[in-house]
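Engineer: As given, the protein sequences belong to chains A and B, one line each in that order. If you use this note's numbering, the first sequence closes out at 495, no skipped numbers anywhere. If you use this note's numbering, the second sequence closes out at 439, no skipped numbers anywhere.
Since the hints were made in silico from the structure, they are not lab data. Just so it is clear, the structure is predicted and the values come from calculations on it, not from any experiment. Each residue gets a CB set at the ideal place from its N, CA and C atoms; glycine is no exception. Each hint can be trusted.
Under the rule of at most 25 Å between Cα atoms (straight-line distance), these lysine to any residue pairs were calculated in the SDA-like manner: (1) K263/B / D168/A; (2) K397/A / G430/A; (3) K470/A / S149/B; (4) K46/B / A122/A; (5) K339/A / G190/B; (6) K290/B / M163/B; (7) K96/B / S177/A; (8) K169/A / S238/A; (9) K161/B / S299/B.
Partial pick of chain A residues on the chain B-facing surface, computed with a CB cut under 10 Å: (10) I66; (11) Q93; (12) M154; (13) F287; (14) D297.
From the derived model, a few chain B residues whose C-beta atoms are all more than 12 Å from chain A: (15) K7; (16) P113; (17) S145; (18) L288; (19) K290; (20) D357; (21) K358.
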Amino acid sequence: MLGSLAAPSLLGEVTGQVADKATGVLFALNHFGVSESDLKKVLTAALEKGGDYADLFFEHTYNNYIGLQDGAVNRASSNIDFGVGVRVLSGDQSGYAYVENVTLEEMLTAARTAARIANGSAGKGMVNLTEMPIVQNYYAIKSPWDEVAVNTKMPYLQKLNDLVFSLDKRVHKVSASLSDSTSHIFFCNSEGVMYYDYRPMVTLGAQCIMEENGKIENSYASRAFRMGTEFLTDELISEVANEAVSKTAILFQAVKPKGGEMPVVMGAGGSGILLHEAIGHAFEADFNRKNTSIFSDQLNKKICNEHINVVDDGTIPFNRGSVNIDDEGVEGQKTYIVKEGILTSYLHDRISAKHYGIASTGNGRRESFRQMPIPRMRATYMESGNVSEEDMISTVKKGIFADVFTNGQVQIGAGDFTFFVKSGYLIENGKLTQPIKDINIIGNGPKALADITMVGNNYKMDNGTWTCGKDGQSCPVTCGMPSALVSKLTVGGEN
Amino acid sequence: MISNEHKRLAQWAMEYALKNGCQASRVSLYTGFSSSIEVRDMKIDKLQQASENGLVINLFVDGRYGSFSTNRLNKVELERFIKGGIDSTRFLAEDKFRTLPDASLYYKGGGAPLSLIDPAFDSILPDDKVALAMKVCDEIYGKDSRIISANGSYGDEKSFKYMIASNGFEGENSNSSFTLVGNVSIKGDGEARPESYWYDSSIYFDVLQKDGIGTKSIERVLRKLGQQKIASGKYAMVVDNMNSSRLLSPVIGALYGSAIQQKNSFLLDKQDKLTLGKNITIKDEPHLVKAEGARYFDSEGVATTPRAIFDKGVLNTYFIDTYISNKMQLSPTISSPSILTMENGTKDVDGLVSSLDKGILVTGFNGGNCNSTTGDFSYGIEGFLIENGKTTQPISEMNVTGNMITLWNNLEEAGNDIRKSSSWRIPSLLFNDIDFSGL
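The whole structure should be built from the sequences, with the hints applied where relevant.
Structural biologist: Right, here's the structure in full:
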């Protein structure tokens, strides 16, 4: 079989039906083995207790992984996930149930379970279902993953391994992996919207472990996109290998800085984690409609320097965080959340949009058919300013420069956020000096945002494997930043 | 639960794999059910229910290895799925260290029942579940003028797993759990809206704590009011029993054979050496009855046994599974620990706090990480300043930074207040000379 690992090479085979040349919704109906008549029956059952709104989210995802360790591509795994989730809204209340067997009987049972969120009798009648076309496909692939077998992918990992070893004699171990995923998403709701979306995703990563005079250090580099097999190029392998080696090598010279409050220059790219944690989550409108975010009363107010514009964008071609249509039937969009220093928009799903009486921003996303959608970020970034990074650093007498990160977290209500700096530099008298490593930085969202005093002219998107966690759901996202100076953050370190 | 039909399907899948080119195979079939109810401000906010099943098959083909899983349990689809898996595995590089465990290591039955599933699970009515979540919320709602959002939630789940291997293993396990959570947000200083929570979870419904969850969550949030950061410096640190496991996690992670083999561990070459403080004994006790995490066999079917991991600070064992055992020519131990216990002291968290003239009580971690090869860590924290044996100023927006080996050599005292609902039974802990960064 040509198909990669266990993914069916003919999509329609999943339901035992033969795939035809149908596209869009017609393809999806065939793929999931359902009819429009079935969908209407299930939606009608979902609203039989008087719910305001119902939707069905069908998903068929297959993931493939191959891994290299100790010089050989010697491990592989695959997973198939298939099912449908039924959601019913009654005001801002949600009922949800899902089934893995997509039969009319089981879908009706799930619909009646979700329907119990309402407590009345059937209201409005069912409308006709109409296909919502994908107007702009942000991840039109050239070659799907299910058309290449494992042996086509393996040489890329081998090249990655060999290149990492060749770049530095201190390299002791390399682990590399390639994960691809293909999702067929079919959605319909009680407002008559139907759509089909084909969602690819791929991640290439390399962990590098180096040894020098008995000291061992490790770091990691990765790239992730919504792309097909055209993702795999020699240039990409070279980029990941060089980054993995350089990020590890610097750690041998690095120290832990003295801790405390100090200015921090955030390097371009992965510093977008600052936006994600310091403001992104707190702008998600479920927290704001419940009045539990530290930004709940800040809409349309000035919250930072007027040179700052922050965007959450689902429309960047092939970006890991892009969505043609979100997971509740709203088109992917580019949303300014901070414009010239003013908080201009929260990130909305259907429930919060209705609460605020505005259109959804298309941020209703879910991990899979097993969960109901909630407001989630997509690609969150700050637009470029007009200061060079060098000029910015030159203004700092004593502080740190941070440009490699692993993870972050935030307390939405209190506003305290953190991010872990894998490596960076001390800034002494306006110059980068000693490399630093393995320190946590903590700040408070509104304060940190207000303390951004300079924005660089070097915006960069970080296309690493960023995965955001919220309410037990993981969601692929990205982040980006130009360099920026935060006049005061608390840096972890020794005393 | 696992039916005979499930067992026949798993056996069929294994035989099908063996007939189509596998020399060995292991199949796990699982099934489960869950429900949850969230109540916000005395109104049902979310109601969810789900049942699911799946099959995982490990294929050992011509000295190569692959692992494949699906929730499509139709035989026609499984045939194609397994054949595709075998074809894919054949493409991989040979890895002679991939084998099933030696059959002599398998759990062969005969253990006393671990009693990990509540027979009353199906008798709990949806209305009773709603009433419990409502009760938690009711303990919060309107109880203080500063409350912004009052939440109570109930969740339950039961799961069943059946596993077989082609060299003679067959085993089953089952688990249930019930959880009640209270969560509250209040109006704090300025725009801040501090929140906190409290919860209980249990394998048995009748053991689940049903009173006081909401009330405790209010207490926990109100004491946060007025949080500030304090001066950087070295302090004694008490970490409460809700958070102490966080500090043990990198140590346990460094003991996995996969980390040792890849030299991605700060505990390399420490076997049988004094590594942590002499006052630290940590055991794996997998056979505790009615205890979260209990099991007679691990993910490969290998029989679990009680063992010391650290004995008076000496590292007694790494976690060596079959693959790493073959690869490193080491005796296999177990692929992962089950229930971690720590030798208890005599004081609860208040007792540890009262023993200090000055220090910091950590009641929550906020992000941070630990370097897996060096053990260097740095975490955000919140908690309280301790002065003259009492908690005084609530603190936040600070970092704690250090090295795991140094930290665990600075353990002054362990408490006696483990939470039995967790499989990591780690009490509150008191450490000396810890670096905190603040003002």
